[in-house]
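Number of protein chains: 2
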Amino acid sequence: MEASDHPTEPIEIAIVGGGIIGLVLTVGLLRVGVKVKVYEQAKGFREIGAGIAFTANAIRCMNLIDPAVPVALRSSGSVATSNGGEQDPNDYLRWIDGYDRHREDDPYRQQLFFKLDAGYRGFEGCRRDQFLEALVKVIPPGVVELKKRLATVEDRGNDKKLLLTFRDGTAAEADAVIGCDGVKSRVRQILLGEDDPASRPRYTHCVAYRTLIPMDKAIEALGTYKAMNQHNHVGPNANLLHYPVANNAMINAVAFVRDPNDWPDDTQTVAQGTLGDVKAAFEGWCPPVRDLVDRFPETMSKWGIFDLWEYPVPRYNSGRLCLAGDAAHATSPHHGAGACMGIEDALCLTTLMQEVVAECREDPESKDRALRAAFSTYDAVRRTRSQWLVNSSRRVCDLHQQLEWGDAAKLVKAQTCFEEIGDRSLKIWRFDYETMLKETLQGYKQKRASSNGAMKDMTVY
Amino acid sequence: MEASDHPTEPIEIAIVGGGIIGLVLTVGLLRVGVKVKVYEQAKGFREIGAGIAFTANAIRCMNLIDPAVPVALRSSGSVATSNGGEQDPNDYLRWIDGYDRHREDDPYRQQLFFKLDAGYRGFEGCRRDQFLEALVKVIPPGVVELKKRLATVEDRGNDKKLLLTFRDGTAAEADAVIGCDGVKSRVRQILLGEDDPASRPRYTHCVAYRTLIPMDKAIEALGTYKAMNQHNHVGPNANLLHYPVANNAMINAVAFVRDPNDWPDDTQTVAQGTLGDVKAAFEGWCPPVRDLVDRFPETMSKWGIFDLWEYPVPRYNSGRLCLAGDAAHATSPHHGAGACMGIEDALCLTTLMQEVVAECREDPESKDRALRAAFSTYDAVRRTRSQWLVNSSRRVCDLHQQLEWGDAAKLVKAQTCFEEIGDRSLKIWRFDYETMLKETLQGYKQKRASSNGAMKDMTVY
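Here the protein sequences line up with chains A and B, keeping their order.
Start counting the first sequence at 1; every next residue gets the next number (the UniProt record's numbering).
Start counting the second sequence at 1; every next residue gets the next number (the UniProt record's numbering).
Please keep in mind that the hints were generated in silico from the structure rather than gathered at the bench.
If you're wondering where the values come from, they're calculated on a predicted model, not measured in any experiment.
Virtual Cβ for every residue (Gly too), placed ideally from N, Cα, C.
Careful, some of the hints might be misleading.
[Claimed, not checked] Pairs of lysine-lysine, DSBU-like flavour, derived with a Cα cap of 35 Å:
#: 1; chain 1: B; residue 1: Lys184; chain 2: A; residue 2: Lys115
#: 2; chain 1: B; residue 1: Lys438; chain 2: A; residue 2: Lys410
#: 3; chain 1: B; residue 1: Lys445; chain 2: A; residue 2: Lys427
#: 4; chain 1: A; residue 1: Lys161; chain 2: A; residue 2: Lys35
#: 5; chain 1: A; residue 1: Lys184; chain 2: B; residue 2: Lys445
#: 6; chain 1: A; residue 1: Lys438; chain 2: B; residue 2: Lys410
#: 7; chain 1: B; residue 1: Lys410; chain 2: A; residue 2: Lys427
#: 8; chain 1: A; residue 1: Lys445; chain 2: A; residue 2: Lys184
#: 9; chain 1: A; residue 1: Lys184; chain 2: A; residue 2: Lys35
#: 10; chain 1: A; residue 1: Lys115; chain 2: B; residue 2: Lys147
#: 11; chain 1: A; residue 1: Lys115; chain 2: A; residue 2: Lys302
#: 12; chain 1: B; residue 1: Lys410; chain 2: A; residue 2: Lys302
#: 13; chain 1: A; residue 1: Lys427; chain 2: B; residue 2: Lys438
#: 14; chain 1: B; residue 1: Lys217; chain 2: A; residue 2: Lys410
#: 15; chain 1: B; residue 1: Lys427; chain 2: A; residue 2: Lys438
#: 16; chain 1: B; residue 1: Lys410; chain 2: A; residue 2: Lys445
#: 17; chain 1: A; residue 1: Lys410; chain 2: A; residue 2: Lys184
[Unchecked claim] Some, not all, of what chain A presents toward chain B, calculated at C-beta under 7 Å:
#: 18; residue: Tyr120
#: 19; residue: Glu145
#: 20; residue: Arg149
#: 21; residue: Pro312
#: 22; residue: Pro314
#: 23; residue: Thr384
#: 24; residue: Gln387
#: 25; residue: Asn391
#: 26; residue: Leu411
#: 27; residue: Thr416
Work out the full structure, taking the sequences as your base and the hints as a guide.
As structure tokens, this is what we get:
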């Protein structure tokens with residue numbers, strides 16, 4: 001009689017955080033036969049950030065996690081964010097001179113510095129809350145628990161379940177805990193200790209002012225072509241990004257502005273910004289940019305951008321705990337790919353848990369060691385790339401906001417940045433997830449064959 | 001009767017500068033039927049820089065220029081610079097902790113941060129003067145003229161040859177001039193005008209102290225493995241690179257040190273450095289590094305590193321003039337790939353001149369327009385990549401010399417740089433020259449088919 005003929009206890013995983021990565025991972029783990037509970041601290045699904053976009057590559061990863069995920073994305077009204085035009089179905093990113101005017105006779109002239117082809121439906125954007133709602137519909141009732149704010153996770157020894165306690169005094173058990181609880185992750189604090197410098201994100205000294213502008217007003221400032229297509233206006237100490245949303249009824253405009261000061265309050269990363277602040281940042285820029293800024297509202301949200309660049313997480317796992325998405329590698333938004341990186345994490349973890357489930361069906365005793373090996377493999381496969389993104393996003397912000405854009409004598413130099421920006425973008429968009437999955441399976445097998453998932457020390461002499 | 005039955009006048013090209021790129025290009029142009037003259041200002045072949053290394057990729061490019069070029073390289077005693085060991089024939093680059101000591105009980109311990117596989121014979125190093133001598137043997141007598149320092153190039157109108165004048169009062173004619181005259185290129189000054197900021201290179205605020213150390217002394221300091229293999233010790237404000245040369249009889253050691261000051265004299269980029277200077281730069285570093293520095297001589301060469309990063313050349317061509325190698329894109333040496341980039345230039349130009357020669361055989365009247373189109377194509381194909389290298393070399397110097405290497409709390413952050421360093425290295429080592437050659441031929445055909453090589457303006461709105 002085979003061991004697999006016995007019905008074995010399922011693997012139980014607690015996912016902390018019911019954001020996009022937490023719910024997408026939930027769908028994946030349920031598909032491979034894991035018993036999942038999601039603990040979300042909010043009363044409903046988080047609506048931070050009006051919109052979010054995914055690369056075509058991330059959507060292919062979603063499809064491998066579970067075909068229901070891209071179906072949910074598209075049912076929530078996702079649209080390609082920036083079409084090439086009627087003759088060309090591809091999406092493009094465009095970088096455009098926001099500052100310099102070479103020609104006094106034509107002050108509305110702007111030079112296109114660089115254009116990068118993201119391919120057919122290269123980005124698909126959606127409203128964040130609508131995608132979450134669509135994902136919840138895929139998940140059986142009872143899996144997600146709201147108003148559960150994690151307090152502690154206690155490891156009571158091998159072959160015992162982890163104990164989770166919540167601020168409301170309740171508790172729960174799980175074989176493993178995955179922290180998908182975002183930039184201010186509690187699981188990260190528990191994994192590293194509260195005194196670790198990576199336990200809290202740091203201010204990037206860049207703020208984002210966001211607003212929606214009706215399309216007719218955007219066209220007044222930018223002209224039809226620029227208003228109807230994604231453009232990133234670069235200049236000294238700031239850049240202005242916009243793209244059409246809501247079936248071209250509006251544009252979403254985001255002004256990124258360097259801030260030499262400290263952020264006043266770590267616990268509140270959104271403040272009120274004024275039109276005066278934004279105007280000051282774009283003083284001296286070219287007329288179309290200033291005309292667009294004139295159409296911003298008198299007050300708007302000002303987001304302090306925080307990330308884990310300065311103090312990256314040394315390891316994404318510890319025993320049967322691990323971190324995914326922003327909890328592991330919170331990034332600034334300059335590549336527009338933070339969530340895509342979390343989707344890649346979710347694909348890696350889903351693949352690993354499928355192996356763990358299969359192994360435990362054969363040998364239920366191996367559960368604890370298999371979970372540790374899986375998380376250790378996940379760390380080895382995912383940490384380098386996802387921390388690269390955090391660095392790269394900072395770097396492209398520096399390049400977008402080079403002081404040289406403001407100096408005509410340095411304009412040739414400033415423009416040499418685009419080869420690098422292109423390379424960095426393609427590294428994100430053309431991720432070879434097939435190779436990642438091979439490495440994931442090989443790494444897991446090696447760890448299980450050798451020393452129960454123990455890490456080898458780095459080479460020393 | 002076909003036009004090609006007439007013996008037509010050959011294309012005559014003047015190459016200014018008899019360094020490695022100038023001579024390699026000469027071999028290529030001679031092969032495709034161009035009449036070449038090389039004008040070199042020195043009395044003999046320049047010996048600046050004791051050694052030079054080429055990537056396997058650059059050697060494949062040499063082979064496409066003319067199989068005689070890699071034969072010359074190997075006849076000059078080139079050797080793989082850093083073998084993996086007896087069990088592994090591949091070359092590796094290794095980045096190693098030069099500063100931090102985590103373990104007081106073992107102060108000679110150094111952590112290997114990153115190792116990058118350059119493949120079989122990934123780098124081949126040679127003595128620069130020996131490679132030049134071997135190249136000269138491939139070139140027929142009378143092609144190279146020494147002691148010819150270029151003064152001016154005059155364009156006397158279409159269908160007339162360019163007039164070159166030299167400081168010694170002599171003159172020469174050519175259909176086109178290619179400046180391979182290095183970092184202080186005179187052709188660049190003529191092409192851009194002497195007042196253009198790109199007409200002279202700028203100080204990178206990094207100096208290099210170079211010396212050779214006998215292998216037994218190197219082993220005393222580093223141990224056998226490190227002494228016998230390439231290692232790059234990274235730390236705050238400096239890095240120390242060494243690799244074996246002369247059949248493992250010595251190591252070549254290069255200490256790169258950040259210099260906040262200005263360089264005293266632009267015309268002299270080599271000064272005398274003292275052991276005291278080098279010791280001061282590596283004070284507080286780990287014992288093996290300090291032990292090696294103790295074995296540096298009392299005085300040695302100190303090279304001020306200059307490049308074209310701050311003011312890149314806006315265009316590599318103007319009419320029938322163009323720039324190649326360091327004249328076009330002088331770079332700091334931190335990728336060890338400056339000459340490789342010039343070899344790629346030489347392959348692109350050889351391919352273009354083969355087209356020009358074929359076209360002029362059919363229609364001798366087209367010579368002038370064909371040459372302009374060829375140089376314009378060359379600029380379009382080569383400028384972005386080669387200026388990227390200049391930027392990238394500065395960037396990796398910054399990463400090698402991060403202040404964070406000196407701060408234990410920032411060591412995790414500092415180490416996240418290696419994904420980027422790896423990507424940048426692979427972009428150099430795995431250059432797709434087949435695609436470059438396709439783009440070169442397509443670009444040239446398009447220019448010849450359209451408007452005689454005129455450039456299109458960049459998109460403006």
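Cross-check of the supplied hints:
no.	hint	verdict
1	B:Lys184 to A:Lys115	holds, 34 Å
2	B:Lys438 to A:Lys410	holds, 32 Å
3	B:Lys445 to A:Lys427	holds, 31 Å
4	A:Lys161 to A:Lys35	holds, 13 Å
5	A:Lys184 to B:Lys445	violated, 57 Å
6	A:Lys438 to B:Lys410	holds, 32 Å
7	B:Lys410 to A:Lys427	holds, 26 Å
8	A:Lys445 to A:Lys184	holds, 33 Å
9	A:Lys184 to A:Lys35	holds, 26 Å
10	A:Lys115 to B:Lys147	violated, 47 Å
11	A:Lys115 to A:Lys302	holds, 28 Å
12	B:Lys410 to A:Lys302	holds, 29 Å
13	A:Lys427 to B:Lys438	holds, 24 Å
14	B:Lys217 to A:Lys410	violated, 47 Å
15	B:Lys427 to A:Lys438	holds, 24 Å
16	B:Lys410 to A:Lys445	holds, 33 Å
17	A:Lys410 to A:Lys184	violated, 39 Å
18	Tyr120	violated, 22 Å
19	Glu145	violated, 34 Å
20	Arg149	violated, 28 Å
21	Pro312	holds, 5 Å
22	Pro314	holds, 5 Å
23	Thr384	holds, 5 Å
24	Gln387	holds, 5 Å
25	Asn391	holds, 6 Å
26	Leu411	violated, 9 Å
27	Thr416	holds, 5 Å
Going down the numbered hints, you'll see the structure goes against 5, 10, 14, 17, 18, 19, 20 and 26, while the others check out.
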